[in-house]
Amino acid sequence: MQTKVKVREQKILLVDDLDYNRQLLRNNLTALFSKEKLKYKAFSYFQAHNSSSALLAFSQQLPEMVFLDIELPDGSGLELLKRFKEQKPDCFVVMVSGVSTLDNVKTSIASGAASFIVKPFTGDKILAVLKQFDRYYDKLPKQVAEPLLQKP
Amino acid sequence: MLAQLFQLQAETAGHQVVWVENGDLAVQHALSYQFDIILMDVQMPVLDGVSAMQMLRTLGYDRPIIAMSAEQVTEPGFDLALKKPLQWQNVQQQLVKFKAIPAIALELPSELKHAYQAHAQQLFLQLGSLAEQQEWEEFMTIVHQLKGSAASFDLAIISELAHQLQSEWHSIPAEQRKQRAAYFLEQCKACKLK
Chain A
1 MQTKVKVREQ KILLVDDLDY NRQLLRNNLT ALFSKEKLKY KAFSYFQAHN
51 SSSALLAFSQ QLPEMVFLDI ELPDGSGLEL LKRFKEQKPD CFVVMVSGVS
101 TLDNVKTSIA SGAASFIVKP FTGDKILAVL KQFDRYYDKL PKQVAEPLLQ
151 KP
Chain B
1 MLAQLFQLQA ETAGHQVVWV ENGDLAVQHA LSYQFDIILM DVQMPVLDGV
51 SAMQMLRTLG YDRPIIAMSA EQVTEPGFDL ALKKPLQWQN VQQQLVKFKA
101 IPAIALELPS ELKHAYQAHA QQLFLQLGSL AEQQEWEEFM TIVHQLKGSA
151 ASFDLAIISE LAHQLQSEWH SIPAEQRKQR AAYFLEQCKA CKLK
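Top line first, the protein sequences correspond to chains A and B. Start counting the first sequence at 1; every next residue gets the next number (our numbering). Start counting the second sequence at 1; every next residue gets the next number (our numbering).
Treat the hints loosely; a few may be bogus.
[What the hints assert, rightly or not] Examples of chain A residues toward chain B, derived with CB under 8 Å: (1) Ser34; (2) Leu38; (3) Ala57; (4) Leu62; (5) Glu71; (6) Glu79; (7) Gly98; (8) Gly123; (9) Gln132.
In case anyone wonders, no lab produced these hints; they're calculated from the structure. The beta carbon of each residue, even a glycine, is placed where N, CA and C say it ideally should be.
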């Protein structure tokens, strides 16, 4: 079974108002996928620079994973998080913020965030999230995980 | 008092130690992913050790967390529970079981770094004119952005300066804001970019 199963690319949505942050994140995700022993590493990327474009991109792509900055120019990432989880409850959302106050972390968890990255980005923080995604995705109920596996 | 003695003993044994006083700070520090081991007192103010551990595990924190308590610790999620009172020698014997975790550097292509630095230069100019016009709300929004992003691009000092300014800002009298803002920009410019 493992030998000839083709895995469709999963989708990552990167939401940050700063283009450089998205580039940096994408670079490092790609680097970790190629260097580290991760189970899920075939992803296509989508990007958004504010809440409204993020909502649009999310509903079009329904990504498996989202990196979501809390401080966005036209709204709070915490509000977006709720909308995302309504549309796709099993979506793995990583909140990103320069502020790691307990309130921020608690609100994120309560609204369904899977993880929380405190800026600045480091390789360790991003890798921890990807390892967590591997564990999370393995545990998802089969009917959700199966459409991703297509026999050639 | 006990924490200080413990810290001294651990440092003498060659460990680098950061001590924080409650579970809230423990969570914030742990999320920096700079620590190989967390020794977590179970009874702490603000947020107790078990809740802090559970919050970290929920967020996918997968590094060792060791409980310290006078009581039996039964909650799952700790890698180990040490019974208080603690004897440093016993603790040390336990710590050797946990390996140091190699740090993974951030990949920062030089084009991206330079592009960000050029962007930061632009922001400093913009901050200069905002300060001139006393547009403080917009000024602080940009300071906040610098704080969050600069350190990812090899400009940790700028992040630190922005953080300092942000934490002082509410206590700076209105008539001194311009001066403080100018000082901030001077310090930023003194960190030669490139």
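Cross-check of the supplied hints:
Nearest Cβ of chain B to the Cβ of Ser34 (chain A): about 11 Å, over the 8 Å cut. The hint is violated. Given hint, Leu38 (chain A) at the interface with chain B, is violated; its Cβ is 13 Å from that chain's nearest Cβ, farther than 8 Å. The restraint placing Ala57 (chain A) at the interface with chain B is violated, with a minimum CB-CB distance near 21 Å, outside the 8 Å limit. For the restraint placing Leu62 (chain A) at the interface with chain B, the shortest Cβ-Cβ distance is roughly 22 Å, beyond the 8 Å limit, so the hint is violated.
At about 7 Å, the closest approach between the beta carbon of Glu71 (chain A) and any beta carbon in chain B falls short of 8 Å, and the interface hint on this residue holds. Here the hint on Glu79 (chain A) is broken, as its CB sits about 18 Å from the closest CB of chain B, past 8 Å. Satisfaction of the interface hint for Gly98 (chain A) is found here, the shortest Cβ-Cβ separation to chain B being roughly 3 Å, below the 8 Å cut-off. Because the beta carbon of Gly123 (chain A) sits about 3 Å from the nearest beta carbon in chain B, less than 8 Å, this interface hint is met.
Interface restraint check for Gln132 (chain A): the shortest CB-CB distance to chain B comes to about 3 Å, inside 8 Å, so the restraint holds.
Hints 1, 2, 3, 4 and 6 from the list above are not met by this structure, while the remaining hints are.
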